[in-house]
Amino acid sequence: MTSVVRLSSTVVVTGFLLAAVWTLGVVVVGGCTTRRPVIAVDGSSTLYPISEALAEEFRDFGLAHVTVGVSGTGGGFRKFCRGDVALIGASRPIRPSEASDCLAHDRDYIELPIAYDGIAVVVHRSNTWVDALTVDELRRIWSPRTGTDERVERWSDLRPGWPARTIRLYGPGLDSGTYDYFTKAIVGSEGASRADYTSSEDDNMLVRGVAHDPDALAFFGLAYYAENRDKLRLIAIDDNDDSNGVGPVAPSLETIRSGSYQPLTRPIFIYADKVQSRRPEVRAFVNYYLERGPRIASEIGYVPLPFDAYVSVRHDFWSGLGGSRFGGQGSTIGVSVEQLLAHSERGRPDKAMAPATW
Amino acid sequence: MADTPTSRRERTFERLLLACASVSVATTLAIVLVLVIETLRFFAEVPLLRFVTDVEWRPRFAEPSFGIWPLVLGTCLTTVVALAVAAPLGLLSAVYLVEYASNRVRRILRPTLDLLAAVPTIVYGYFALAVINPFLQGIIPGLATYNPLSPGIAIGIMITPLVSSLGSDAIDAVPENLREAAYALGASRLATIVNVVLPGAATAIGGAVLLGVSRAMGETMIVAVAGGQQPRLSLDLRIPIETMTAFIVRAAEGDTPAGTLAYRTLFAVGTTLFLMTFTTNLIARRLMRRSRLA
Amino acid sequence: MLFAIGLAATLIPLVLLLILGVHVVWTGWERLDLAFVTSFPSRFPASAGILPGLLGSLWIVSVTAIVALPIGIGTAIYLEEYGRFTASPNGIRFHLARVIDININNLASVPSIIYGLLGLEIFARTLGFGRSLLAGGLTMALLVLPMVIISTREAFRAVPRSVRDAGLALGCSRWQVTRYIVLPMIWPAVLAGSIFAVSRAFGEAAPLIVLGAVSYVDFLPGDLSAPFTALPIQIFYWLSRPQAGFEIDAAAGIVVLLMTLLGLNGFAIYLRYRYRTAA
Chain A
1 MTSVVRLSST VVVTGFLLAA VWTLGVVVVG GCTTRRPVIA VDGSSTLYPI
51 SEALAEEFRD FGLAHVTVGV SGTGGGFRKF CRGDVALIGA SRPIRPSEAS
101 DCLAHDRDYI ELPIAYDGIA VVVHRSNTWV DALTVDELRR IWSPRTGTDE
151 RVERWSDLRP GWPARTIRLY GPGLDSGTYD YFTKAIVGSE GASRADYTSS
201 EDDNMLVRGV AHDPDALAFF GLAYYAENRD KLRLIAIDDN DDSNGVGPVA
251 PSLETIRSGS YQPLTRPIFI YADKVQSRRP EVRAFVNYYL ERGPRIASEI
301 GYVPLPFDAY VSVRHDFWSG LGGSRFGGQG STIGVSVEQL LAHSERGRPD
351 KAMAPATW
Chain B
1001 MADTPTSRRE RTFERLLLAC ASVSVATTLA IVLVLVIETL RFFAEVPLLR
1051 FVTDVEWRPR FAEPSFGIWP LVLGTCLTTV VALAVAAPLG LLSAVYLVEY
1101 ASNRVRRILR PTLDLLAAVP TIVYGYFALA VINPFLQGII PGLATYNPLS
1151 PGIAIGIMIT PLVSSLGSDA IDAVPENLRE AAYALGASRL ATIVNVVLPG
1201 AATAIGGAVL LGVSRAMGET MIVAVAGGQQ PRLSLDLRIP IETMTAFIVR
1251 AAEGDTPAGT LAYRTLFAVG TTLFLMTFTT NLIARRLMRR SRLA
Chain C
2001 MLFAIGLAAT LIPLVLLLIL GVHVVWTGWE RLDLAFVTSF PSRFPASAGI
2051 LPGLLGSLWI VSVTAIVALP IGIGTAIYLE EYGRFTASPN GIRFHLARVI
2101 DININNLASV PSIIYGLLGL EIFARTLGFG RSLLAGGLTM ALLVLPMVII
2151 STREAFRAVP RSVRDAGLAL GCSRWQVTRY IVLPMIWPAV LAGSIFAVSR
2201 AFGEAAPLIV LGAVSYVDFL PGDLSAPFTA LPIQIFYWLS RPQAGFEIDA
2251 AAGIVVLLMT LLGLNGFAIY LRYRYRTAA
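Protein chains in written order, with my numbering: chain A, 1 to 358; chain B, 1001 to 1294; chain C, 2001 to 2279.
This is chain A alone, in the form it adopts within the complex (with noise of 0.2 Å):
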C-alpha cells in the first residue's frame, strides 16, 4: 500500500509544479501587458533595421505595439492592399499592377520618403582583384538566360586577368524592392535576371553568406554594409556617364547626397494607410518615424534627405495627401531630391484625392 501512496503522492506533486508554472506565465504574462493595439508595419527589408529601431524606442511610450515583418516591398504592398498592415517600408515606389491592386481593394495610401539609400555590391574582404565594375559588367553577371548570349560564369569571363573561379552570387528574393530597383537600373527591367543565385528576402542571410566565401559578389542596401564593414569589400561602381563624377563611384554620404553614386542611388519610402492612420498611434508612430527616423537613418548608414524637406514630408501626411510621386510607376532612376518634393503630378489614376479628415 505504501507504494500507491508513494506514487500517488509523487502524481500530486507533479501536478502542483505543472500547475504552478502555468499561472506563473499566466501572472507574469496578464501583468507585463496591458491590452494595449498593435501597429503592424511590414515590407522592405531596407526599411527594416530603421522600422526595427524605431519600434523598440516606440515601445517605451507605451501607446501601442509594433510589430515589424519582412516580407519584401512587394510582400508588403500585398499585404497592405489587402489591409493587413498599417505602415510598410518600401525600397522602390509603388507600381501600376500595386496601385490599382490597392484601388479594388479600395485602400489610400500616402507616400513618405525617409532617406536615400545606394545599393552596395560588394564581395568578401579577401577579394583583391575587384576594385570597380562597369555597369556593363554587371549587367553581363545578372542578366537573365538567353540562348545566343554568353553567360558569365567565372570571374574571368570579366576580365582575363582574375581569377577563373565561378562567382558565386547572392542576391535579395523577388519580393524584394532592391531587386526590383537594381534589376531596372542595371539589367533594364524589374525583375530581369537569372535565376542561378542565392535569393533572399532577408539580407542578413546574404551578408552571412558572402562574408564566408572568398568568391561572393552580393548587392544590398547600404546599411548592411555599414554594420559589416569588417567582413566585405564595397566594390565601385562606373557608369560611364561623366556628368555625375568621373570613373567607378563607391556609395558613401557624399557620394549619395551628390547624385554620384549613379544609378544605384535611390529614395527610400514607408508607406502609411490613410485609414489606419486615423488611430491615434499610427499617426503617433509615423509622426516618430518622421521626426526620429533620420536621425535613425543616418545611424545605420544611409543618407537623410535635408532638414527642410521632412518638414515637407510631415505636412503631406498631416495633411493625408496620397497617391503616388511617380505616377504609381514602380522603381525610377535618378530621383533628384527636388523631383522628390514636388508636388504637383501626384495621384493616383482616377480616383480624386480628397484631404484625410482626421
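Treat the hints as calculated values from the structure; they're not laboratory data. It is possible that part of the hints are untrue.
Partner residues are not named here, just some residues of chain C that face chain A (Cβ under 8 Å, in silico) [said to hold, decoys possible]:
#1 Ser2042
#2 Arg2043
#3 Pro2227
#4 Pro2242
#5 Gln2243
With a cut-off of at most 25 Å between alpha-carbon atoms, the simulated SDA-like pairs for lysine to any residue come out as follows [stated by the list, open to error]:
#6 Lys231/A with Phe2044/C
#7 Lys184/A with Arg1060/B
#8 Lys231/A with Trp2026/C
Ideal Cβ positions, reconstructed from N, Cα and C, are used throughout, including at glycine.
On the provided structure of chain A, position chains B and C as indicated by the hints.
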C-alpha cells in the same frame, strides 16, 4: 449487456475513449486530404509534366520554372551525407553494444545515446553553422557558407542513436543458438559477427537504416539554418543548395495568402516530401516485419 | 579490434555532442544573466533577450499538454484495454484497434513540417484561428500525440494480463480495472512518457514557422489569439543575422533551451527510475 447504470457508464467511457482514438485517424485523414486538395489545385495551374520535367526550381521569377528535381536532389544530398555518417557509426555502435558491452555499460550508454535524439534540431543547426562549417572551411577549399555537407553531418549525428538503437534490436534478435553453433565450430567472435550475426540481422538492419533515411529527409531546421537557399541540379557538396523542407520554411515565412499559387506550391512540395518519407517508411517497416521484428 | 572500433563508434557522437555543449556554453556564457531572460529582442545584440520567445514556448507547451495528454492517454487506454483483450479476434473492436495501431506508427514518422502545413490549412485558415498561439498549440498537440500514445501504451503493456483478469474476475468492469487497478500502477511511467513527448514541443520550430510565428515580437502575447514567437524561432532568427553578437545571443538562447529541456527530461527520467524501483 444489461442496462444498468454501471454498464451505461461503461459504454460512455468506451465511447469517449474511442473518440480519443479516432483523433489520430482523423489526423491522418486530414493530412492526406489537405495535401491532396491543395496539390490538385496546384496542378490545376501548373501541369504535372512541368513539375516533373522542368530542370529548374524558380517558382516566383518572371519566367517561372517548376521542376521539383533541384529540391529533391538537395534533400538527397544532405540525406546521403547524413547516412554516410550515421550508418557506419550506428551499426558499429550497435554491434558493440550487443556483442561486446557488459550489461552495466550498456545500461549507461544506451540512454545516453538516446539523449542525442532529444536535443532540439535548432541546436544541431547551430552546430552545423557555427562549429562544423568553419572547421571544414579550414580543410576543404571552396567550401561555401551554406552547403549540404555541414548540415548533412549534423543530421547524421542526430540520427545515429536511431540507427544504433534499431540496429541493436536487430542484432539482439538473432537467435543465440546461431552464435553458439558458430563458436562450436571454432569461429572467432569477429568471424561470428561478420558471417553469422550480421547476415542474420541484415533485413532488420536495412529497415533501421531506411528509417534513419526517412528521418533525415524530413529534417527541416538544420538545413534551413545551414543548407542554403539556392535550388540547383548539382552534385557539388561545397555550394549552397536548397532542400524541400528548407524551401517550405522559407516560402512560408514570406507572404503566402491562402488561394494563391505561392500557397499551393508549399503543398505540392510538401506532398512530394510526404510521399518520399512515407514510401521509405513503408519499405522499412516491411523489412523489419519480414525479419519478425515488428 | 571490432570491440575498439565499436566502442569508438558509440562514443564519437557523444564526444561531438560534448564539444557542441562546451562550445555553446563557452560562446553564450557572457550573455547569460537575468536580463537576458527578462528582456525583449533588440537591434543591439548586447541588450537582446528571449522573454517573448520563452513565454511563447511555455504557452504553446501548455496548450499542447492540455490537448495532447488526455487524448493520447485516452487513445492508449482504448487500444490497450479495450482493443487487445476483446473476446472475439474478428470483432469490429479488434479491427478498429489494428487500423488505429498502424495509423499511429505512420503518424509518428511523418516529418514535423507536414504537421505545420496541416495546421496552416486547418487551424489557421479553415477554422480561422490565424497566426495565433492557439493554432500553434493545437498543431504541436497533433505532432506529439503519436509519441504520447506510443509511450503510454508501453507503460500499459508492462502490466501483466493476470492483474487485469483478477480484477475482472472480482466483478470489476473494464473501466474500473483500468481506472483503479492498472493506472495507479503505471502513473509515473505514463507521466514520464508524456513529459518526454511534450518537451519535444518545446524544441520544435519548423511547424510554428510555417504557421506564421513571427521573429520580431517585442511584446508578450496577451491571450491565445495574439501573434507569437517561440524560443527556437528566436534562436533561428538570431542565427540568420551575421553580426557576431547575435551568434552569442543564439548560443545563450540555446543554453536556456537545453537547460529547460534537461530539467523537464531529467524530471521524467527520475519518475521512470522511481517507477522501476517501486514496482
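Right, here's what the structure says about each hint:
| no. | hint | result |
| --- | --- | --- |
| 1 | Ser2042 | holds, 6 Å |
| 2 | Arg2043 | holds, 5 Å |
| 3 | Pro2227 | holds, 6 Å |
| 4 | Pro2242 | holds, 4 Å |
| 5 | Gln2243 | holds, 7 Å |
| 6 | Lys231/A with Phe2044/C | holds, 18 Å |
| 7 | Lys184/A with Arg1060/B | holds, 17 Å |
| 8 | Lys231/A with Trp2026/C | holds, 23 Å |
Of the hints listed earlier, there is not a single one the structure fails to meet.
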